[in-house]
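A.B. asks: Please work from the sequences and hints to get the whole structure.
Protein chains: 2
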Amino acid sequence: MSNQVAREVKSAVTRSDVARHAGVSTAVVSYVVNNGPRPVAPSTATRVRNAIQELGYRPNTGARALRRGVSDAIGLILVDISNPFFAEYAVEIETVAHQDGQALILGNSLGQAELERELVDDLLGRRVDGLLMTSVYADADPLADLRPDVPVVMIDAAHPVPGRRSLGSDHAQGAAMLVQHLIDVHQRSSIALVVGHGQSPKPDRREDGWKRTLMAAGLPLGPIARNAYTREGGYAAGQELLALDQLPQAIFASSDQQAIGVLRALHEHGLEVPSDIAVVSYDGTAESEFAWPPLTVARQQVAAMAAAAMKMLTEPGPDEVHRLFPPELVIRRSCGCGQPR
Amino acid sequence: MSNQVAREVKSAVTRSDVARHAGVSTAVVSYVVNNGPRPVAPSTATRVRNAIQELGYRPNTGARALRRGVSDAIGLILVDISNPFFAEYAVEIETVAHQDGQALILGNSLGQAELERELVDDLLGRRVDGLLMTSVYADADPLADLRPDVPVVMIDAAHPVPGRRSLGSDHAQGAAMLVQHLIDVHQRSSIALVVGHGQSPKPDRREDGWKRTLMAAGLPLGPIARNAYTREGGYAAGQELLALDQLPQAIFASSDQQAIGVLRALHEHGLEVPSDIAVVSYDGTAESEFAWPPLTVARQQVAAMAAAAMKMLTEPGPDEVHRLFPPELVIRRSCGCGQPR
DNA sequence: TTGAAAGCGCTAACAA
DNA sequence: TTGTTAGCGCTTTCAA
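The listed protein sequences correspond, in order, to chains V and F.
Per our numbering, the very first residue in the first sequence carries number 21; after that it's consecutive.
Per our numbering, the very first residue in the second sequence carries number 21; after that it's consecutive.
What the hints contain is simulated information worked out from the structure, not anything from laboratory work.
Among the clues, some could well be false.
[What the hints assert, rightly or not] One side only, chain F facing chain V, incomplete, derived with CB under 7 Å:
#1 Ala85
#2 Arg88
#3 Ser102
#4 Ala107
#5 Leu126
#6 Arg251
#7 Arg284
[Stated by the list, open to error] A few chain V residues facing chain F, derived, Cβ under 10 Å:
#8 Asn80
#9 Leu86
#10 Asp100
#11 Ser102
#12 Pro104
#13 Ile125
#14 Gln207
#15 Pro221
#16 Tyr255
#17 Thr305
Using N, Cα and C, we set each Cβ at its ideal position, and we do this for glycine too.
C.D. replies: Take a look at the structure:
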């Protein structure tokens, strides 16, 4: 009874309570809980397990972390997990992490450099075993003055990041696949580009891919509308393109979100997609499949990237690497495929 | 130099390194870092701060947690953060938590009871200061045998949860607002319902709201299509309704995701929304605004719920409470408003 | 096979 | 105003 009460009163049960209850030392409890490193007689082990059960003992992960020097937790810093692409990415990462016995601590930088700093700092203070992140900074190393002493992997890096491990999708290739498809299969010769603002000195690789593919095909470059990688940005970009003297025959949007915005602008103008104008986009989130019409996309290999990111974090390797994953072309209806002639 | 090397070598700098470097005791370092509880002479404090700076010292959050008995971390268990509603919810929660000095540990149960259990267990082992969760279980208390010794708040609860604190949106009211609008403003007299499978003995409160509003208006109940609360579920439900002898004049979908699926089914059938059939839905995620046509919705007050959830976790209060937040009616085009006659 | 005990980094009561 | 020191709960070496 007094046990009952004590537990109700929220006295956390510790290993020494268990030891006392089972009539053994705390070391033995440890051996049982961790299944080593010393052997324990079966009968003793059973007594300990019963005590654990009865007392409702649960090892304190933090204390163990302090002693062992590893926290079994990793940090994930995203700009904004309500962006569907990152949400899908996060699910994959969390799944892999959990299978790996790692908990995931999440932070949203919301595009604010200062907040990003705070989050990194907090995570390092928690001695996470690793840090996965996308950075607000286009180029500068956001961690420079934070001197992280744990592995860091930049998980949405189009370009190599000096001195860091990084990975991302091959944006140039994805863009090229999409544009090539519009040219080869749908004979579009005027293909517009919707892309983000050029914050970075380096151009968006999707812009490269679009440009090179058009040039290689001997086609003129279509109009470019630059705006945020959001639905709102795409909407504004779409309106911009619609205000042009001559409507392009197709639009390549650099993110699903932008494409969704573009579609809205086109619909509001009473345009039919793909018959009046084709639209394709980059990312391949679930949302793209349920847009109207369903979007033909270059789908990023989110699961593969998540697994690779966790691996880069855990396994030894060069301090600077950059892995690029090829996106997959997913044909749906917005490009003109599967349409009645 | 040797300092340099030592740091490179990844020897974590501890409070006693700082103390030695500054020529003070570890207690003083603590007083400076925590700004108390004892006063420190300004000149001493400066010396300590310089040492901290030079050595790149960062307090070990885990050690502090062990000593103080609070972890400054909370757990969040969602079914799936790639569901946009939960993603938006999570952003709000993380933001509030961060402002509150709490880190957020995220877990996705993916609809698997066993996984949910594992996540809860892990989080309790980490001694989170509180647990925010949605449960896979419709009714049974998923925590019963886990004896959580921290505050738990069920954050997406349509009904009170026995013995627990919980909160959610007033689904019945939201449904009623939407249906009433379709009746009063758009004179729709045949309104279908798309809702989830009845896993729970308790009916979905949105079904209640829909039913009562129709009955109060003296209208017949429209057809019901039951399917998952996903885009796919909505798509299947939409097809089901389209196969009926008589098409309803409007559809109320219980989630944005379902509405998106319904819209796809309608579009594929060549139906115009809202002129051929109106569609409204529940949730009000960002996606709903960019659907085609933009969806009229009952928007859940995500930010308010997130703040309230954190408050319920932190502040003392009754062990069992259930707070319901009224959704807001957001009129867009899918109901027929703003359409040319 | 088991136990005693040191110590992970930190806080804070107590002493000076 | 500063220092000494006892733990927080755990792992693991070393001795029995």
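A.B. asks: None of the hints should be skipped; say for each whether it holds.
C.D. replies: These are the hints, each one checked on the structure:
no. : hint   : result
1   : Ala85  : holds (5 Å)
2   : Arg88  : violated (11 Å)
3   : Ser102 : holds (4 Å)
4   : Ala107 : holds (4 Å)
5   : Leu126 : holds (5 Å)
6   : Arg251 : holds (5 Å)
7   : Arg284 : holds (6 Å)
8   : Asn80  : holds (6 Å)
9   : Leu86  : holds (5 Å)
10  : Asp100 : holds (6 Å)
11  : Ser102 : holds (4 Å)
12  : Pro104 : holds (6 Å)
13  : Ile125 : holds (5 Å)
14  : Gln207 : violated (25 Å)
15  : Pro221 : violated (30 Å)
16  : Tyr255 : holds (8 Å)
17  : Thr305 : holds (9 Å)
When held up to the earlier numbered hints, the structure conflicts with 2, 14 and 15 and fits the remainder.
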